[in-house]
Structures are given as structure tokens and as C-alpha cells.
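Got chain A; can you put chain B on it based on the hints?
Sequence lines, in order, name chains A and B. Residue numbering for the first sequence follows the numbering used here, starting at 1 and increasing by one per position. Residue numbering for the second sequence follows the numbering used here, starting at 1001 and increasing by one per position.
What the hints contain is simulated information worked out from the structure, not anything from laboratory work. Be aware that a few hints might be false.
From the structure, some residues in chain A lie toward chain B, with a derived Cβ separation under 8 Å [what the hints assert, rightly or not]:
1. R189
2. Q190
3. F191
4. L193
5. G194
6. R196
7. A197
8. V198
9. G199
10. A200
11. H209
12. P212
Examples of chain A residues toward chain B, derived with CB under 10 Å [to be verified]:
13. I192
14. L195
15. R204
Even glycine gets a Cβ: it sits at the ideal position worked out from N, Cα and C.
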Amino acid sequence: MSRLELDSRTSKGEAPKAPKARKPRRARTSVFWLAMPLLVIAALVFVLPVTGLLPEEGQDLTRTRQPPAFLSGGTWEHPLGTDKRGQDVLTELVTSGRLTIMIGLVGALVAIGPGVLIGLLAGYFRGWVDKVISILIDAQLALPFILIALAIISNRGSSLPVLFLVLALTGWAACARVTRATTLAVRERQFILGLRAVGASEARIVFRHVLPNLAGTIVALGTLQVGTAILVESALSFLGLGVVPPKASWGSMLASGQDELSQAWWIAFFPGLAITVLVLLVNLLGDALLTHHDPRKRRR
Amino acid sequence: MAEMLKRGSPAGAGRGPGIPEDVPVLAVDGLVVEHRNRTTGEVFRAVDGVCLRIGAGESAAVVGESGSGKTTLAMAATGLGPRSGGEIELLGHSLDAIGRRRLRELRREVQIVFQDPHGSLDSRQSVRSGLRELRGLQRERTAWIDDAGLLERVRLSPDLLDRYPHQLSGGQAQRVCIARALLMRPRLIVADEPTSGLDVSVQADVLELLREVRESTGAAMLMISHDLAVVRAVCDTAHVMRHGRVVESGPCETVFTSPADDYTRELLAAMPGGRWRARR
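For reference, chain A alone in the conformation it holds in the complex (with noise of 0.2 Å):
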């Protein structure tokens, strides 16, 4: 951090030689090691299907519960062993991480998108707008998103923008609080003040000035929401909710694999393992990303 401060000082100083800007290296490393492995993980999961390299997908009732090839009694055919239908548990990590995958992209999205939108308004408006919001925001953030769910999945049935829906509904408030709380910020400093003084009209300042200036914030938001839609997708699977067969998602594997714990633990524990990593790495990058961005842009 003293680095970080240290070279904003410089750059303040009489004449800065540096005619591009530096990134503080220390953030981006950090950025850069989180990030990988991610991409990683999103390259095998979409490609490894096309390699053939994977065990055939499908049922094979001769061979159900087999361990994982580490185990004794396992075998290299099926490297973390399969299921109580027989599947092969890798096979079906690799398909089903395709969707979970998505989910996590998409539900950050649809909570993303209204989010910053309702908090934009509210934080730059102010007056009834921001209380009226700020008010829903609460509400929001007071109910249980289980019930929320509970009530529109029992209403529509589970399907993939009901799953959505649900996304959307529990995470905006989240992102609108934040959202708002930046903006309060961005709306106080001069330059918009600047702007209303030679007759910027409030559209402009708002999505040509506010908005882009939340743009960190809004990126570190949108990492840590595709950890929270995964996390959200996975409890929703679990209790049957979410992803229905003959879908499968890291959550439903989960669900299945739970009452074959005592027999068959590997069933549950990758798809448990591989969220945990997945939701950790993401959580993580949007943190490092929330730090990273402009400690050197934005004065005290």
C-alpha cells in the first residue's frame, strides 16, 4: 500500500516525466494470479467436452459407485470414479460446470444491470427518488431470499429464467446499495459541478461522467455477484429448486451425490470442491479488484 501511495505522490509532483501511466504492479500481479486460473478452469470446462479425451458420458448400470482411480479399487477409466448410475463423475463436472458456468455470468448480469441502474438514480437524484429506493433496497435486503425463491419457483415452476428471475430479484439490492453509496461520492466532487456550469445537461453528467467513473466499482461488483449467483444456483439446486434434470448443474450433482455420502462420498465432495474453488477464485479477484481499482485516480 505504501508503494501504491508512494508513487501517486510522484506522480503529483512538479512535472511527471512518465507519459503513460503506470499500474501499480503489486495489484495487477495479484489481479493477473486470480485471473488465471479462472480462465483455466472456463477453458477446460468448455473444451475439454470437444477433446473425446473425456470417459463416455451416459449410463452404465455395471458400474455404479466405482472410486476414483486413487482409491483402491478404482480404475483410469474414470479418474474420479462415478455415480450411483453409473456416470462418470469427471464427465459430468466438465457438462455440467458449461452451466453453472452460465448462470454465474448471467445471474450477475440480470442483478447487475437494474442494480447499478436503481442506485444510480437514487444516489444522483436524491430527494423521494433516493428514499423511495433506499427504502425498497432495505425491504429487499430484510427478506430471506429462500422465501423469495420458494415463492416464485412454487408459482412458476423451475426453469431457467424463473431461475433467473430469482437471481435478479435477490441480488439487485446489493448492487443498488453500493452503487448508490459511489455515487453519492462521485455527484460531491467539482468536476460536477464544472459540468453544470457550462450547461451539461443531467444525462450527460450522469452517464457520461457518473457512470463511468463507477466503472471499477461496477466491475469488482460484477465478479463478486457471479460467485453469489453460483452460491445462490447451488443452494437453489440442492433443495431441488434450481437446475432440474436432465439438466445438471454443480449444485444438483451435489444434491444427488448427498445421500450416498457414507458409501460414496466422492459423488458429492467434487462438485462441492469445485464450487468452493470456483466461488473462492471469483470472490477473491473481485476484491483484489475493488482494491485495485483507482487508488491513484481518486484524491483522499
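What follows is chain B alone, placed relative to chain A:
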């Protein structure tokens, strides 16, 4: 004395070499700004019945200690800040009488240079794209000079056009701010503590630039400052503010050499020994 307080700047105050015009650029009459404390409901009068008049090309200063309502006055007077009472006329138009749209147009006649030069530039915009945006807002008004020429006017190298605010020094950033104000060819420049955020070494340069800009464009200037030396270097008339009221006004020389009000005397005595005398 009472008469002088009411009318703001006295007749015959130094008139810059601008366009001679009868209509004052800015006329503030009985301005009141109140802040209400939300929890206690207490009302605080930041500005309490101030009258001020700035003619074309004139340069007036508002001086006073921190919290005396200088900045609040300037913001309210230009229609950018809140106002609880009183009349404000910009170039002969009452702010109450004109619509929003017209107000926005009128505001372009008034440009502000703030205290914190970095804070008054969007950190996501390079100097060039910031200027481009201003030009987009007012094509005809800003067509009189190109970017490089504009930067030269404020004695900056055109190389700085592609820099972002954090890559500029404080003095450079303030020059960019002055250039942006200059581009709009305003009739009134409001400078709110323009040198307080700068190193002492560049303060004098920026002041010199402000004075030069004023003289070459004929724009009127309202300077907000607590630094009497700054005021004396740039302004013709001075208004001394205390607790939201103007306690004394008059030509700079008169106010500073033979202050009539006790508070002004205190203010002068509080100045580090003779620093303001040394200038000019």
C-alpha cells in the same frame, strides 16, 4: 458607510478594460442562504443578506475567514448552489424569472475555477477529450481557438493534451481548469480559492495568468479568497465577509490600507507580516 454596504461595490470602483456596459454582469441583492440541520431542525444562516454588484470587466473579491460564507455566496450567486432568499441577476436576467433552459444557457456566461484543480477535472477524461466535450456543448462559442492554441494561452505545452488529470501537477491542472473556463469565453469568471490548493511556487504564476486572462478577455471576475495578498494582486474591489454578512467593501487599496471595520483590521493584523505589501 451604510450606503456602501447596501450597494456593494461603490460607484467609480476600478473598471477593467472590458466592454463598457451599463448592465452589471452580476447583481446580488439581499441574498440569504440557510442550511437546516436535519436532526435538530436548527437553521443556520450561511449567507445573511448580502448585496453585491459586479460590472462588466470589473474584478471583485470576497474575503473572509473559513466558514464565513464566501463559497456559499459564490455558488448561490451563480445559480449553482441553494438559495433561500434574495434576488440574483446575471447579465440583467433575474434567475427567478427565467426558465431552466435559459438558465443553462446563461450559466455558460459564468465559468468557475475551483480550489482543488484535480477534483474539478473528470479523472476518466484526458485533457483533449474534456475539451472536445466542451466544444460539443457549445460549437460556435468555442470555435475561436484550437486546443493547442488554448493551452498556449495558459502557457502549457500542447503535449499535455493527451494526459489524464492525475498525470498533471497541481499547477498544470489548475491551468487546464483556467483554459477550460477561457474556452467558453465567459463574461464572468468565478475563482474560488484558485491558488489555495497549489504550491507557493506556482501560486504567483497562476495568479498572474488569471490577471492576464481577465485583462485580455475583458471578463469580469469574482474572486473568493482568504488570502489578502492574492486578492490585492488581482482585484479592484474587495468585500470583507464575516458570519455571512459583508462588513466592509470598497476599492482594494482603501480596504486594505485604511480599513474602516474592526474585523478587517483584525484580518489584516493576522496576515503574516507584510507579505501582501511585498507584492505589486
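Here is how each hint holds up against the structure:
Look at R189(A): its Cβ gets to within about 5 Å of chain B, closer than 8 Å, so that hint holds up. Hint status for Q190(A) relative to chain B: holds, with the closest Cβ pair at about 4 Å, below 8 Å. A cut of 8 Å between beta carbons decides the hint on F191(A): the least distance to chain B is about 5 Å, and the hint holds. The closest approach between the C-beta of L193(A) and any C-beta of chain B is roughly 6 Å, which is under the 8 Å cut-off, so the hint is satisfied.
The interface hint given for G194(A) holds, since its Cβ lies 5 Å from the closest Cβ of chain B, which is under the 8 Å cut-off. With a least beta-carbon distance of about 6 Å to chain B, the hint placing R196(A) at the interface is held under the 8 Å criterion. Residue-level restraint check for A197(A) holds (minimum Cβ-Cβ distance to chain B is 5 Å; threshold 8 Å). Satisfaction of the interface hint for V198(A) is found here, the shortest Cβ-Cβ separation to chain B being roughly 6 Å, below the 8 Å cut-off.
Taking 8 Å as the C-beta cut-off, the interface hint given for G199(A) holds, the closest approach to chain B being about 4 Å. With its C-beta approaching chain B no nearer than about 6 Å, A200(A) sits inside the 8 Å limit, and its interface hint holds. Hint on H209(A) holds. Least Cβ distance to chain B is approximately 5 Å, under the 8 Å limit. Hint status for P212(A): holds, given a least beta-carbon distance of 5 Å to chain B, under 8 Å.
Interface restraint check for I192(A): the shortest CB-CB distance to chain B comes to about 9 Å, inside 10 Å, so the restraint holds. Taking 10 Å as the C-beta cut-off, the interface hint given for L195(A) holds, the closest approach to chain B being about 8 Å. Nearest Cβ of chain B to the Cβ of R204(A): about 8 Å, under the 10 Å cut. The hint holds.
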